[in-house]
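First to last, the sequence lines map onto chains A and B.
Under this note's numbering, the residue at position 498 of the first sequence is numbered 498, and the numbers go up by one with no gaps.
Under this note's numbering, the residue at position 53 of the second sequence is numbered 53, and the numbers go up by one with no gaps.
Mixed in with the good hints there might be a few duds.
To be verified - Interface residues of chain A toward chain B, partial, derived using beta-carbon atoms under 8 Å: (1) V88; (2) F208; (3) P230; (4) G231; (5) I245; (6) A248; (7) Q279; (8) I282; (9) V337; (10) E518; (11) G526.
Said to hold, decoys possible - From chain A, some residues computed to sit far from chain B (all C-beta separations above 12 Å): (12) I21; (13) S43; (14) L45; (15) G81; (16) K157; (17) L159; (18) A162; (19) G163; (20) A226; (21) I242; (22) D243; (23) D312; (24) I390; (25) G401; (26) G457; (27) S507.
Quick caveat, the hints were computed from the structure, so don't treat them as lab data.
By construction, the Cβ of each residue, glycine as well, lies at the ideal position given by its N, Cα and C atoms.
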Amino acid sequence: MSDRTLTIILFLVVVAVTIGITIWASRENKSAADYYAGGRQFSGLQNGLAVSGDYMSAASFLGISGLISTVGYDGFLYSIGFLVAWLVALLLVAELLRNSGRYTMADQLAYRMQQRPVRTAASVSTVAVSIFYLLAQMVGAGTLVVLLLEVEEGLVKNLIIAGVGALMIFYVTVGGMKGTTWVQIVKAVLLMSGTLLITVLALAEFNFNISDMLGAAADQSGSGQAFLEPGLAYGATTTAKIDFISLALALVLGTAGLPHILIRFYTVPTARVARTSVQWAITLIGLFYLMTLVLGFGAAALVGTEEIASVDPAGNLASPLLAEAVGGGEGSTGGAVLLALIAAVAFATILAVVAGLTLTSASSVAHDLYASVLRKGQATEKDEVKVAKIAAAVIGAIAIGLSILAQDQNIAFLVALAFAVAASANLPSLLYNLFWKRFNTRGAVWAIYGGLVCCVGLVIFSPVVSGPTTGTALFPESDWSYFPLSNPGIISIPFGFLMGYLGAVTSREPASEERYPELEVRSLTGAGSESAHH
Amino acid sequence: MPEEVSRQQHEAYQRIHGSEQFALLRHRFRTFAFSWTVAFMIWYLLYVFMSSFAVDFMSIKIAGNINIALVFGLLQFASTFLIAALYSRYANSRLDPIGAELLAEYDLEDGR
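If we strip away everything but chain B, and leave its shape as in the complex, we get:
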């Protein structure tokens, strides 16, 4: 059997789950997380495929000994840092306030 929760907790969960605030939180989280996951996976796979099947293009030199492959690779680093920072900002302003509010409601109902 799954882990047990008390009746009080169960009701608190159910009520929060049905609330508009929670629907908004879930919608915002999923929209951000899913669309950025799709975006960075496509961007990463593009890089992987080009490294395998477009070597001539990747080998074009841009400046000195620095070629497209190196720049493309470094851009993967840049995009990772950027998406992480974007998510952090988004979560702080758009997710955390709703989450904190719902958590406070739950703790009140659960009597903790």
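Chain A with its partners taken away, still in its complex shape:
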């Protein structure tokens, strides 16, 4: 049996299992709380796994180990930001949000503000963040599957993107939050086990001596000791260093504003369980990133940076290639089996993450835009869920179309942009709302639109969109890159907070201030919050 046949079989197993789970989970989907929040019945460990599943995208599984294998230490900087960020979610957001919201990020704003403007703003930003993230994942999926299955570019790649999109629409429309959560759980278990296996095998090659592995990685990297030191990717110029700091800010502050992560906290019965799920997520995600460190340096040491970059310049195949190497190398049965296994894990990862993102945007369109803004709260639950399903199909179709159009572009920057928007538009309004009595509708609306427009605007005028600087810009021929940084966070995050502040102090909204004590009691004690659905 050829390598490819085995890989294809495992891919089909992943598809079959996830479809099975979705159908099984959909049997008990009745109410809106079932569809949006999985009935709020998940345990701390289950939701912790699902949160990790949502968070550990192909970008982190393949992307970070790939970065480490090609630029060394600087790739590790990403993992640290991605992990430390969870403390913001744990200490300031998860529990309070669980108590004060219902289905979407907008709920906790709408609790004390004017429904229509804040829900519209929060929905726009939810859909924007999710679509940016979704496009990056889907285009990445196309490239990855083409590489893993060694198929032709072009038509096959388009079909793969469309297939991934169709599956994602299926999970979301049929399974709702419950189905999507179980897909995440299964994927997280697969991902953790697969990563652990390769990590142990890679370390065993060096008799579990990390220093030896690092030495070998430096030797095989072509960069020598600099490979183990900061600065290879972000240290060339002062602009590059500031760009890196800007990225580091967006990573650490973005996580707690990512809508697809936030709505996970609604799937548990109480704030206490929300806390336990973040604890689990921190443990799992932390262990995962420690393992990707080994995968990245291990791949550099055992496969070689040049070899990794020759297959894919971004290094995305470092982990699969390492799996092949520790299994016995190219042509060996062990190598083929491990390669196929890791490829299937990567595929499961992509499917699960895109499903989570689609569900999040569809929920916000149905619950915020349709039910509250358009129907002014008069829509029935049944109508709302129906609209959520239609929205999932429409958003999925749009994502497929855009991904096919953008498939030859380097749009990895969209992940960083999603984090930047989450940190600049969502986090300020969330934190102000939870902790500042004087905050109000205008503050929330200004913070969200201000942060969003600032982020997207700066990126449009950055070197990732135009000009010759990065070498991978969307429009390398013309140059309107007036903003020197690729990452807008260092400007846009303070700007989002400033706009929120200015909006709030330039308007008075007694209703919002009067409701604040209620929000405070509710968020801290859980009094009157949405209960588990049985």
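Starting from the structure of chain A, add chain B where the hints point.
The following block gives chain B in isolation, referenced to the frame of chain A:
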């Protein structure tokens, strides 16, 4: 308009908000959450700045090929695990009992 609550709920919220117990809960929560947020952000930013602007220091080797940068990075992992565990312990012993008490009072007043 914001979401509506019943008069009974409104009064229960107001009464709890004015209670000493609630003031204590809020004080304890905010003290812990805000001070640890400031602490870990400074600690993280120190790491980020040193990775950018103190590369020579970060490149000093401690043992074999293991340098300060790697250890500093791993310490960020350790501190994240530690703060998460500390918060969990703190919340269990210092926050949850008060929260549960107030929640029970609310449910009683709300007649649920």
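Query raised in the report: Just checking, S43(A) versus chain B, shortest CB gap more than 12 Å?
Result: Holds, since 16 Å exceeds 12 Å.
Query raised in the report: For the hint on G231(A), does the least C-beta distance to chain B fall short of 8 Å?
Result: holds (5 Å)
Requested in this report: Classify the hint on F208(A) as holds or violated, based on whether any CB of chain B lies nearer than 8 Å to its CB.
Outcome: Violated, because the Cβ-Cβ distance from F208(A) to chain B comes to roughly 13 Å (cut-off 8 Å).
Requested in this report: Would you check whether the claim that I21(A) is not at the interface survives, using Cβ distances to chain B and the 12 Å cut-off?
Outcome: Holds, since 29 Å exceeds 12 Å.
**Report entry** Agreement of hint G526(A) with chain B interface, Cβ distance less than 8 Å
**Finding:** holds (5 Å)
Query raised in the report: Going by Cβ atoms only, is A248(A) closer than 8 Å to chain B?
Result: Check passed: Cβ of A248(A) comes within 4 Å of chain B, closer than 8 Å.
Query raised in the report: Does the claim that L45(A) lies off the interface hold, with its Cβ farther than 12 Å from every Cβ of chain B?
Result: At about 14 Å from chain B, L45(A) clears the 12 Å cut-off, so the statement holds.
Query raised in the report: Hint check: is the beta carbon of I282(A) less than 8 Å from a beta carbon of chain B?
Result: Constraint on I282(A) satisfied, holds at 5 Å.
Query raised in the report: Is I390(A) truly not at the interface, in the sense that its beta carbon sits beyond 12 Å from all beta carbons of chain B?
Result: holds (25 Å)
Query - Beyond 12 Å from every chain B Cβ - status for K157(A) - result: holds (36 Å)
**Report entry** Verdict on G401(A) as a residue remote from chain B, using beta-carbon distances over 12 Å
**Finding:** Fine: 36 Å to the nearest Cβ keeps G401(A) off the interface.
Query raised in the report: For the hint on V337(A), does the least C-beta distance to chain B fall short of 8 Å?
Result: violated (31 Å)
Checked against the numbered hints listed earlier, the structure breaks hints 2, 9, 15, 20, 21, 22; every other hint is satisfied.
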